[in-house]
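Can you make the complete structure from the sequences, with help from the hints?
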Amino acid sequence: MSREEVGKVWKTLMQNQDQTVDYFQFVRHFGFSIKSSCFPNAKISPPVRGDCDCLIRSLKLNSDTKIIANFLQTKVKLLLPDLSQQFRELDPQNLGYVTKEEFLDILQELSPDLTKHQCDTLAAKFGHGPDKISYVKFLQPYQTKTSTIRQNGVKVKPLSSVDWRNLLQTCQKLDSNSWGYLLLPEFRSVVKLCNIILDEDDIYHIMSHYDKDLAGKIDYSRLISDHKRREG
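Numbering-wise (full-length UniProt numbering), the sequence shown opens with residue 1 and increments by one.
Hints in this document: simulated from the structure, not taken from any laboratory.
Please note that the accuracy of each hint is not assured.
What the hints assert, rightly or not - Restraint-style ranges between C-beta atoms, simulated for each label pair:
#1 D113 / N195: 47 to 53 Å
#2 K75 / F26: 32 to 38 Å
#3 L90 / L13: 48 to 54 Å
#4 F26 / E200: 49 to 55 Å
#5 I196 / Q93: 19 to 25 Å
#6 F71 / K173: 46 to 52 Å
#7 T74 / A124: 34 to 40 Å
#8 E101 / K77: 22 to 28 Å
#9 W179 / T99: 50 to 56 Å
#10 T74 / W10: 39 to 45 Å
#11 V9 / T121: 20 to 26 Å
#12 V162 / R222: 18 to 24 Å
#13 S176 / E101: 34 to 40 Å
#14 D105 / T74: 15 to 21 Å
Beta carbons: idealized from backbone N, C-alpha and C, even for Gly.
As structure tokens, then:
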């Protein structure tokens, strides 16, 4: 561009009192059309007249947050086995959740460009109490279908009516208060006693379906009832 052409363009820009142009104003001037302009974060912080939030920005310039989110999802899909292992190592009691700090550390390691707002949104979506995050629910949408037949997402080897009765009776013996729930370690012991083979993925699937409150307790009565009905 010639100096004369630059001068013509300069006149169309929003200038400061000293006739300089801020970089962000320069980018905004060329980065949007009237149809594509929007107010970013309007739901969280509505624009107020006189606020810099009222300045029009481009959807193109604000689409980077969507790109970052898509990048994170892709990384989770690609690294799902390693990611599951990382979470399990941080959860020695197999309760299905980790601290908020641990959860966000792993996410930011996967995608360093995550914004604070994105991190807070994810933490709120999968949160359990003030400082716990359910990584089971976070990973659940990324679980791929396997050749193994699952019922309600849970793989259980074919059991006879006698097996189901034994399983129910064993659970009830450990459930002294007859609440219909067992702690996860207790449920693991019962499954092993009844010679039912479940891998770690199956355990986490069970937790996602039968531990809705993320309290580390399995609703064994509903689990057995569901499978007896399907086997019947």
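Structure-based check of all given hints:
{"no.": "1", "hint": "D113 / N195: 47 to 53 Å", "result": "holds (48 Å)"}
{"no.": "2", "hint": "K75 / F26: 32 to 38 Å", "result": "holds (34 Å)"}
{"no.": "3", "hint": "L90 / L13: 48 to 54 Å", "result": "holds (52 Å)"}
{"no.": "4", "hint": "F26 / E200: 49 to 55 Å", "result": "holds (54 Å)"}
{"no.": "5", "hint": "I196 / Q93: 19 to 25 Å", "result": "holds (21 Å)"}
{"no.": "6", "hint": "F71 / K173: 46 to 52 Å", "result": "holds (50 Å)"}
{"no.": "7", "hint": "T74 / A124: 34 to 40 Å", "result": "violated (22 Å)"}
{"no.": "8", "hint": "E101 / K77: 22 to 28 Å", "result": "holds (24 Å)"}
{"no.": "9", "hint": "W179 / T99: 50 to 56 Å", "result": "violated (27 Å)"}
{"no.": "10", "hint": "T74 / W10: 39 to 45 Å", "result": "holds (42 Å)"}
{"no.": "11", "hint": "V9 / T121: 20 to 26 Å", "result": "violated (39 Å)"}
{"no.": "12", "hint": "V162 / R222: 18 to 24 Å", "result": "holds (21 Å)"}
{"no.": "13", "hint": "S176 / E101: 34 to 40 Å", "result": "holds (36 Å)"}
{"no.": "14", "hint": "D105 / T74: 15 to 21 Å", "result": "holds (20 Å)"}
In the structure shown, a violation is registered for the earlier hints numbered 7, 9 and 11, in ascending order.
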